[in-house]
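> Read off the chains here:
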Amino acid sequence: MITNLELVPGKRISKHLGLVQGSTVRSKHVGRDIMAGLKNIFGGELKGYTELLQDAREEAIARMTEQASSIGANAVLNVRFSTSSITSGAAELFAYGSAVVME
Amino acid sequence: MFDIITFLTLLALGYGFGQWFERRHYRSIRKREQAFKDLLIIQTRIIPSPFSSDHETFLVNGNVVISVDYFKRFVAGLRNLVGGRVTPYETLIDRARREAILRMKEEAKASGAEVILNVKYEMCSIYKGRRNNIGSVEALAYGTAFLRKKTAPEETDPGYLKPTAR
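Chains as they are written, first to last, in this note's numbering: chain A, 1 to 103; chain B, 1 to 166.
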């Protein structure tokens with residue numbers, strides 16, 4: 001279970017296992033870049049980027065979940081997301097949370 | 001000479017399409033905000049008592065990347081000289097945030113959630129053009145959706161439980 005609450009109602013935390021994290025760095029391909037260039041003139045939503053970032057975020061969550069289950073947790077609490085653009089062509093997506101064992 | 005013509009064309013195109021996109025987007029945002037009015041977002045650290053048990057929780061998120069148009073960027077560039085409110089970017093960010101919330105609500109609604117708790121925003125400029133002008137921003141909204149466990153069908157259809165008077 002993954003949640004961004006600090007406490008889950010009706011569940012008791014039996015053990016804290018520390019911070020878990022997952023990150024991924026993605027860049028877009030040239031076709032999307034050209035579209036983005038055009039959209040920078042006309043304005044509007046960049047659907048390609050929206051999807052790309054959503055996929056990347058899911059990947060980051062998956063990595064975080066993997067790490068959590070490898071240390072024996074069954075839930076991640078207080079999940080936060082963070083995005084940073086490293087260069088103009090790539091973005092890093094980062095998800096982190098607190099791994100716990102819940103009954 | 002050619003440069004000036006290109007520049008003016010881009011400015012006109014940016015103004016025309018940008019305004020059109022923005023007006024259309026705001027119309028759709030207002031319409032959907034009305035439609036999702038009943039799905040509450042509660043922003044407290046303590047979980048309200050009606051949701052304290054017999055509920056499933058899951059993470060929902062919504063994101064959107066919106067680009068600024070050429071005209072707005074030019075106006076913002078001018079504004080940088082004198083300082084003050086940069087209204088073109090204000091509407092851009094407002095649109096992005098509201099759209100992200102709406103997408104999160106759509107996702108929550110699709111799985112039948114009753115309420116969303118502890119929503120957080122995240123904002124990031126992902127495309128920096130030449131001269132480091134901000135080209136587009138990403139808005140992300142995420143929270144925990146609460147879903148009532150499907151164990152009480154008598155609330156929705158009490159008909160078959162009523163005793164038949166004879």
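Bear in mind the hints are in silico, worked out from the structure with no lab data behind them.
Among these hints, one or two may not hold up.
Calculated pairs, BS3-like style, for lysine-lysine (alpha carbon to alpha carbon, straight line, at most 30 Å) [unchecked claim]:
#1 K47(A) x K120(B)
#2 K47(A) x K149(B)
#3 K37(B) x K47(A)
#4 K149(B) x K109(B)
#5 K15(A) x K37(B)
#6 K37(B) x K109(B)
> The structure should be examined with respect to each hint, and the outcome stated for every one.
How the hints compare with the structure:
Under the criterion of a C-alpha separation no larger than 30 Å, the hint pairing K47(A) with K120(B) is consistent with the structure, at around 22 Å. For the suggested pair K47(A) and K149(B), the alpha carbons sit about 34 Å apart, so the restraint of at most 30 Å is broken. For the given pair, K37(B) sits about 25 Å from K47(A) by alpha-carbon distance, which is consistent with the 30 Å threshold. Annotation: proposed proximity of K149(B) to K109(B) holds, straight-line Cα distance about 15 Å (limit 30 Å).
This hinted pair does not check out: K15(A) and K37(B) have alpha carbons roughly 39 Å apart, beyond 30 Å. For the suggested pair K37(B) and K109(B), the alpha carbons sit about 11 Å apart, so the restraint of at most 30 Å is met.
Comparing the model with each earlier hint shows violations of hints 2, 5; every other hint is respected.
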